[in-house]
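Mapped onto my numbering, the consecutive letters of the sequence shown carry residue numbers 21 to 244.
Calculated from the structure, these hints are not laboratory results. Keep in mind that the hints are not guaranteed to be accurate.
Straight-line Cα separation of at most 25 Å, DMTMM-like style, residue types lysine to aspartate or glutamate; simulated pairs [claimed, not checked]:
id: 1; residue 1: LYS134; residue 2: ASP226
id: 2; residue 1: LYS113; residue 2: GLU233
id: 3; residue 1: LYS81; residue 2: GLU133
id: 4; residue 1: LYS67; residue 2: GLU142
id: 5; residue 1: LYS134; residue 2: GLU233
id: 6; residue 1: LYS67; residue 2: ASP226
id: 7; residue 1: LYS134; residue 2: GLU222
id: 8; residue 1: LYS81; residue 2: GLU105
Here are the computed distance ranges between Cβ atoms for each label pair [what the hints assert, rightly or not]:
id: 9; residue 1: ILE87; residue 2: HIS121; range: 17 to 27 Å
id: 10; residue 1: GLN148; residue 2: LYS67; range: 38 to 48 Å
id: 11; residue 1: ASP65; residue 2: SER112; range: 37 to 47 Å
id: 12; residue 1: SER75; residue 2: LYS134; range: 41 to 51 Å
id: 13; residue 1: PRO118; residue 2: VAL51; range: 21 to 31 Å
All C-beta atoms in this analysis are idealised placements derived from N, C-alpha and C, irrespective of residue type, glycine included.
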Amino acid sequence: CETGAELTASGSYYGYESAAQLGAVRGRETVSLFSSDSAILSDADVKRILEHRFSPRRQNKIGILAIGQEYWFGWSDELARSGVEVQEKLVSKLRSSPLVHDATYLPSLLIPEKRSVGHFREAGARYQADLLLIYRAACRSYEKSQFFGPDNSKSFCNIEAVLLDTRTGIVPFAATASRDSLAKRLETDFNLYETMRRTELEALADALAELGEEVVAFLAAVRS
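Let the hints inform the model, and build the full structure from the sequences given.
The structure is reproduced here in structure tokens:
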């Protein structure tokens, strides 16, 4: 299994040796070598964005947005309940942070059809969420899973996530997490397909647990 995180705004990231050095860095020109870039962001905007230092508030509300279809919800009651439990574990992990007073999944009615930072910010603002944790999960069972046994299923789940500051539109944190899971078919499984979906959920649960820990650690690091 693999995990990775990018703390793009940690305390050490801003650890300049002196105020003079910080002033020199801020005084550098930020000029694009491509004139077409100005149609997206001006050089002044780029400079201002790069100089911004993210710092979470003492108490934050986190809205969680899962991108992609959670197909196991439509398969069986058992898998639907398991999927909800997986989400609840991530919520509990985030709420364990002293800097988080609430963490909930964004209501489906607020999820934007167009996936852009601007539309995500709008949804977060309407929900009054200080931060948005947006993740995409890609899970699948190995095509040669029968190698592990006729009644076994091995699945892989990879998660990509970003933490979006609703107020500024800055993404101060990004992380990836990958997990494997091997499960044996249960008597309660309708068929091997259900076993595969259950195995994928187990891998997803492990990956989301790691993601929650990374977010909590990041908030503590930049707040200290």
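Hint-by-hint comparison with the structure:
1. LYS134 with ASP226: Not OK: LYS134 and ASP226 at ~29 Å, beyond 25 Å, violated.
2. LYS113 with GLU233: 7 Å, holds
3. LYS81 with GLU133: The hint holds at about 23 Å.
4. LYS67 with GLU142: 24 Å, holds
5. LYS134 with GLU233: Violated. LYS134 to GLU233 sits at ~29 Å, over the 25 Å cutoff.
6. LYS67 with ASP226: 38 Å, violated
7. LYS134 with GLU222: Violated: LYS134 and GLU222 sit about 30 Å apart, past 25 Å.
8. LYS81 with GLU105: 20 Å, holds
9. ILE87 with HIS121: 17 to 27 Å: 25 Å, holds
10. GLN148 with LYS67: 38 to 48 Å: Violated, since GLN148 and LYS67 (Cβ atoms, about 30 Å apart) do not stay within the stated range.
11. ASP65 with SER112: 37 to 47 Å: With Cβ atoms ~38 Å apart, the hint holds.
12. SER75 with LYS134: 41 to 51 Å: 29 Å, violated
13. PRO118 with VAL51: 21 to 31 Å: Cβ of PRO118 to Cβ of VAL51: about 42 Å, so the range 21 to 31 Å is violated.
Checked against the numbered hints given earlier, the structure breaks hints 1, 5, 6, 7, 10, 12, 13 and satisfies all the rest.
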